[in-house]
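Asker: The lines below spell out each chain.
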Amino acid sequence: MSYIKPKFRHPRLPINTLGYTVADYDGAISTLCAGCGHDSISAAIRNACFLSSIPPHRIAKLSGIGCSSKMPTYFMGRSHGFNSVHGRMPSVATGASLANRELTYIGVSGDGDTASIGIGQFVHLVRRNVNMTYIVANNGCYGLTKGQVSATADLGTVSKYGTANQFEGIDIASLALLQGASLVARSFSGDKEQLEPLIRGAMAHKGFAFIDVVSPCVTFNNHAGSTRSYTETREHLDAMPLDFVPMREEIRTHYAAGTGQNVTLHDGSVIHLHKTGTDYRTNDRVAALNALQAAQEEDRILTGLLFLDPNSQDLNRNLNLATRPLNELGKNELCPGSRVLNSINEGLR
Amino acid sequence: MKPTNTTDPEFFHKVVDCQYACPAHTPVPWYIRLIAQQEYTEAYLVNWQSNVFPGILGRTCDRPCEPACRRGRVEDAPVAICRLKRVAADFKEDVKHRLPGAGPANGKKVALVGGGPASLTVARGLAPLGYELHLFDDRNGAGGFMRSEIPSFRLPQAVLDEEVGYVLNMGIHTHFNTFIDSMSDLLAQDYDAVFVGCGAPRGRDLPDLPGRKEAAANIHVGLDWLASVAFEHSSRIGKKVIVLGGGNTAMDCCRTSRRLGGMDVKVIVRSPFADMKASDWEKEDAVNEGIPIIDNHVPKEFVLKKGKLAGMNFEKVEAVYKDDGGRELVPTGEKPVFFPCDDVLIAIGQENAFPWIEKETGIRFTGWGTPLLNDDVTMQSTRKEVFFGGDAAFGPKNIITAVAHGHLAAVSIDLYCQGGDLTARPGPQVNLVSQKMGIHEWSYASALVEDKREAVPLVELEKALSDRALEVELGFDADAAFVQAERCLNCDVQTVFTGANCIECDACTDICPTSCISFVRNAEEQDLRQRLVVPATNTAQGLYVSDTLETGKVMVKDEDVCLHCGLCAERCPTAAWDMQMFLYNTATASLDLMEIT
Ligand SMILES: Cc1cc2nc3c(=O)[nH]c(=O)nc-3n(C[C@H](O)[C@H](O)[C@H](O)COP(=O)(O)OP(=O)(O)OC[C@H]3O[C@@H](n4cnc5c(N)ncnc54)[C@H](O)[C@@H]3O)c2cc1C
Ligand SMILES: Cc1ncc(C[n+]2csc(CCOP(=O)(O)OP(=O)(O)O)c2C)c(N)n1
Ligand code: SF4
Ligand code: SF4
Ligand code: SF4
Ligand SMILES: [Mg+2]
Numbered sequence: 001m002s003y004i005k006p007k008f009r010h011p012r013l014p015i016n017t018l019g020y021t022v023a024d025y026d027g028a029i030s031t032l033c034a035g036c037g038h039d040s041i042s043a044a045i046r047n048a049c050f051l052s053s054i055p056p057h058r059i060a061k062l063s064g065i066g067c068s069s070k071m072p073t074y075f076m077g078r079s080h081g082f083n084s085v086h087g088r089m090p091s092v093a094t095g096a097s098l099a100n101r102e103l104t105y106i107g108v109s110g111d112g113d114t115a116s117i118g119i120g121q122f123v124h125l126v127r128r129n130v131n132m133t134y135i136v137a138n139n140g141c142y143g144l145t146k147g148q149v150s151a152t153a154d155l156g157t158v159s160k161y162g163t164a165n166q167f168e169g170i171d172i173a174s175l176a177l178l179q180g181a182s183l184v185a186r187s188f189s190g191d192k193e194q195l196e197p198l199i200r201g202a203m204a205h206k207g208f209a210f211i212d213v214v215s216p217c218v219t220f221n222n223h224a225g226s227t228r229s230y231t232e233t234r235e236h237l238d239a240m241p242l243d244f245v246p247m248r249e250e251i252r253t254h255y256a257a258g259t260g261q262n263v264t265l266h267d268g269s270v271i272h273l274h275k276t277g278t279d280y281r282t283n284d285r286v287a288a289l290n291a292l293q294a295a296q297e298e299d300r301i302l303t304g305l306l307f308l309d310p311n312s313q314d315l316n317r318n319l320n321l322a323t324r325p326l327n328e329l330g331k332n333e334l335c336p337g338s339r340v341l342n343s344i345n346e347g348l349r
Numbered sequence: 001m002k003p004t005n006t007t008d009p010e011f012f013h014k015v016v017d018c019q020y021a022c023p024a025h026t027p028v029p030w031y032i033r034l035i036a037q038q039e040y041t042e043a044y045l046v047n048w049q050s051n052v053f054p055g056i057l058g059r060t061c062d063r064p065c066e067p068a069c070r071r072g073r074v075e076d077a078p079v080a081i082c083r084l085k086r087v088a089a090d091f092k093e094d095v096k097h098r099l100p101g102a103g104p105a106n107g108k109k110v111a112l113v114g115g116g117p118a119s120l121t122v123a124r125g126l127a128p129l130g131y132e133l134h135l136f137d138d139r140n141g142a143g144g145f146m147r148s149e150i151p152s153f154r155l156p157q158a159v160l161d162e163e164v165g166y167v168l169n170m171g172i173h174t175h176f177n178t179f180i181d182s183m184s185d186l187l188a189q190d191y192d193a194v195f196v197g198c199g200a201p202r203g204r205d206l207p208d209l210p211g212r213k214e215a216a217a218n219i220h221v222g223l224d225w226l227a228s229v230a231f232e233h234s235s236r237i238g239k240k241v242i243v244l245g246g247g248n249t250a251m252d253c254c255r256t257s258r259r260l261g262g263m264d265v266k267v268i269v270r271s272p273f274a275d276m277k278a279s280d281w282e283k284e285d286a287v288n289e290g291i292p293i294i295d296n297h298v299p300k301e302f303v304l305k306k307g308k309l310a311g312m313n314f315e316k317v318e319a320v321y322k323d324d325g326g327r328e329l330v331p332t333g334e335k336p337v338f339f340p341c342d343d344v345l346i347a348i349g350q351e352n353a354f355p356w357i358e359k360e361t362g363i364r365f366t367g368w369g370t371p372l373l374n375d376d377v378t379m380q381s382t383r384k385e386v387f388f389g390g391d392a393a394f395g396p397k398n399i400i401t402a403v404a405h406g407h408l409a410a411v412s413i414d415l416y417c418q419g420g421d422l423t424a425r426p427g428p429q430v431n432l433v434s435q436k437m438g439i440h441e442w443s444y445a446s447a448l449v450e451d452k453r454e455a456v457p458l459v460e461l462e463k464a465l466s467d468r469a470l471e472v473e474l475g476f477d478a479d480a481a482f483v484q485a486e487r488c489l490n491c492d493v494q495t496v497f498t499g500a501n502c503i504e505c506d507a508c509t510d511i512c513p514t515s516c517i518s519f520v521r522n523a524e525e526q527d528l529r530q531r532l533v534v535p536a537t538n539t540a541q542g543l544y545v546s547d548t549l550e551t552g553k554v555m556v557k558d559e560d561v562c563l564h565c566g567l568c569a570e571r572c573p574t575a576a577w578d579m580q581m582f583l584y585n586t587a588t589a590s591l592d593l594m595e596i597t
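Note that the protein sequences, when read in sequence, are chains A and B. Number 132 in our numbering belongs to position 132 of the first sequence; there are no gaps in the numbering. Number 264 in our numbering belongs to position 264 of the second sequence; there are no gaps in the numbering.
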């Protein structure tokens, strides 16, 4: 068993605008089960950060507990990280984002971490529109504790232990839509062509960006009878392909007019949705909820960018907080003294 | 692209870069692993089976394997393949009892003209099969140029004698000090076949350069001079020596001069330094011994004073490269440059010479003076029972090429003498075995080391220059050899893909340190090469393409910079990847000479 990834890399690795190669975004070698969908998501996050030329040291990775929550160790070893308590990553993320609004926050969670123990914290994170990318590696089970069905498991799916799930699963994408998330997407760990641009778009978005990623647990949820195995997922996949085009590049040079829908983000970058034969619009929350519902009725797993409000106000702006990170403020700004306190108190009288 | 046919051994053969580049296709990673395991004797035998002269080649080989070594593509320097071969030879136990002897007589008789590596390899191949072998050489011993030309400070005589002896001891009838002066006479005798391994023995001269005749006493043709030193007919040279030429002979001439009294020895060459024919390491060795190499100087005349050689005049030139790859040396127009000297050694090339092969033998020659052969596989000449090999076949090359020719010719001669079809040749001996020991465990050292290549230690310069026969290189000790051996990437451990097992989880793509594996839509090769995770621009290396997989994509592996680290196979949940040891032994006349464990 190899514990170390060799240092050697392809001698002709492309470099991004910062001069880094994708290897500069690598983490430790994964200890997850071989073939776990989570590893693919890790690679997609790594690739997305590389492609978007985000300096590794300007990224903070946040997670809870679970195989999925272990993922941050396996990508971007030079970034900040916080592995919190089970289901409590939202509060840590909220605090971090308030304290330093300039970092790119990537939350990585599991379906158990988010929808079982963590559902309470999760909905508040959504409604507050914390500026972060929140990725759920959704395998329909508790992988780390040996595969018990989770709160997102589909009704009737058979667990590794042979019993069918008696409860309707929570659809966390719908939940995020209902709670007012400003970007909602769904994808599949085995579809990097879609997942990478989605993550890049989510990181460019100012506000809470939620991506629910179907991520098969090869060990406990990849058997016949499971609705979340590689085969089952691929069979029911209904993917809406898309691309991410950074602001520097001209969207017109990429796509002929009328070939799809473009959504422009805060920083000028564009998410280009390929024409899929449907007239899906990403700016309609109700339509998105309907589409998810309809897909579920028809046993389709609808993936792609489901909803985006590019003009949302994130928590920092809503609360009108300091525009600079706290660690850049001086003593006088952080602790303005009794004169300022008095004037605040005066204002409240 | 069509799915790769991995049942054709040539695909995996090509992945083992060093072995593929070696003219004799020595299984390099195999012997390097044996060295790491301190199994020096077995490592030696793997070599001996394939290249006949491990101790000699471990010191002198032109090593085409090293520029081909994969390590050189992922790091700055290749594995020290050649000098590790020497380690096997240095540290082995007595191997005599392990080597094959002559087989029971089969009634066939073969003459070998010349006693160099080509003829000796033919002898080694045919002796175990029971052939009666007669080897003729005009020198007083076998080895050819390995004895007469390669200086002892690079190749000690004891090493040469030992390995030449292993062959001669297989019951070879030797006829030394015997120059074959007529092929017709030889053919008139009762030989069933004749192998010509007489080398390219004629050194080029500058007969028309002014002063050549007048100063003849102090002007020597390099090839002849080195031989006269080797056979101890010459033991001194003047204080100031000019060596003309830029090949390996020039390097041996200048270094030998330094040991025979030359204090101020210069190499003067027409071409730019970078274009010189000598290997980089030989140039380095010469420069280390205080020998300047003066490039871009064309010899114009020998200058005499009082009837004796006093120096040479040169014209300065500049290389102009043309679009078609050609090169022209254009005079700069500067004044001629004079270099004083006592002796000049002319080492500007060598040629084939077959004055002893008569026209009526039916053996025909090309315009280049080399024999017309059926092809470069059978080595058969236009006279069916006469075969060529080594420098005699296609002009001057090197020892390992002579050995490779020897293997081919021995197979041909055996087929010919047994009435077989020369084109129905035996294939290579191949084997492919899984290295899986446990879930994530391999029976080879899959982890990569980051140690750098180290140079072989040398004897002190002063000592080296005082003794012509003292070997300059000391060789690696066992510890250094282990470190150097561990640098080998085990390119013979192949990544074998079974598409039917693959669930397209991408785990292998994601883990691969050198981004070799892609899952993409199939396309024509050129297009496909561009669409991989990292475009596969090194077209010298193959693509491994699978059948169409479940999602309609194919797995494409660029073999270029695979580290053979086994991580893809470790991360694969379905064992769609397996690491399998690939053995490839080129066909020789007698392949299973001995058992190697
Ligand atoms: C100075 C020098 C240094 C070299 N260094 C290296 C090196 O470091 N590494 C390397 O790989 N190669 C080296 N080479 C090249 C190498 O020596 C030859 O390529 C190789 O020896 C060729 O082998 P062969 O069997 O074809 O013939 P040779 O080795 O040339 O042997 C032919 C023999 O046949 C004899 N002979 C010729 N005609 C007749 C005849 N009619 N009757 C009887 N005997 C005859 C010759 O005298 C000679 O002994 C060097 C060559 C030179 C000149
Ligand atoms: C407070 C608390 N309760 C329970 C656990 C036990 N536990 C560890 S991981 C886990 C479930 C993880 O499931 P999920 O988030 O889906 O991650 P996965 O392993 O499936 O990726 C549980 C219940 C814990 N670590 N902490
Ligand atoms: S148990 Fe399941 S979720 Fe956890 S690492 Fe293994 S495959 Fe992945
Ligand atoms: S052995 Fe596999 S993982 Fe390692 S470099 Fe080669 S293809 Fe990549
Ligand atoms: S790791 Fe194995 S199963 Fe997964 S894509 Fe690679 S070969 Fe296929
Ligand atoms: Mg889970």
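Be a bit skeptical, because a hint or two may be false.
Calculated lysine-lysine pairs in the PhoX-like style (CA-CA distance at most 25 Å, straight line) [unchecked claim]:
#1 B/K305 <-> B/K240
#2 A/K7 <-> B/K452
#3 A/K7 <-> B/K240
Just so you have them, the derived chain A footprint on chain B, three or more residues with Cβ under 8 Å [what the hints assert, rightly or not]:
#4 512-519
#5 560-568
Treat the hints as calculated values from the structure; they're not laboratory data. Each residue gets a CB set at the ideal place from its N, CA and C atoms; glycine is no exception.
Asker: Are the hints correct? Go through all of them and say.
Answerer: So, going through the hints one by one against the coordinates:
Taken as a hint, the B/K305 and B/K240 pair is honoured in the structure, with Cα atoms around 15 Å apart against an allowance of 25 Å. Between the alpha carbons of A/K7 and B/K452 the distance comes to roughly 13 Å, so the proposed pair stays at or under 25 Å and holds. With a C-alpha separation of about 51 Å, the suggested pair A/K7 and B/K240 falls outside the 25 Å cut-off, and the hint is violated. Check result for the segment 512-519 of chain B against chain A: holds, 4 residues qualifying (beta carbon to beta carbon below 8 Å, three or more required).
Interface restraint, the segment 560-568 of chain B with chain A: holds (5 residues with C-beta to C-beta distance below 8 Å; minimum three).
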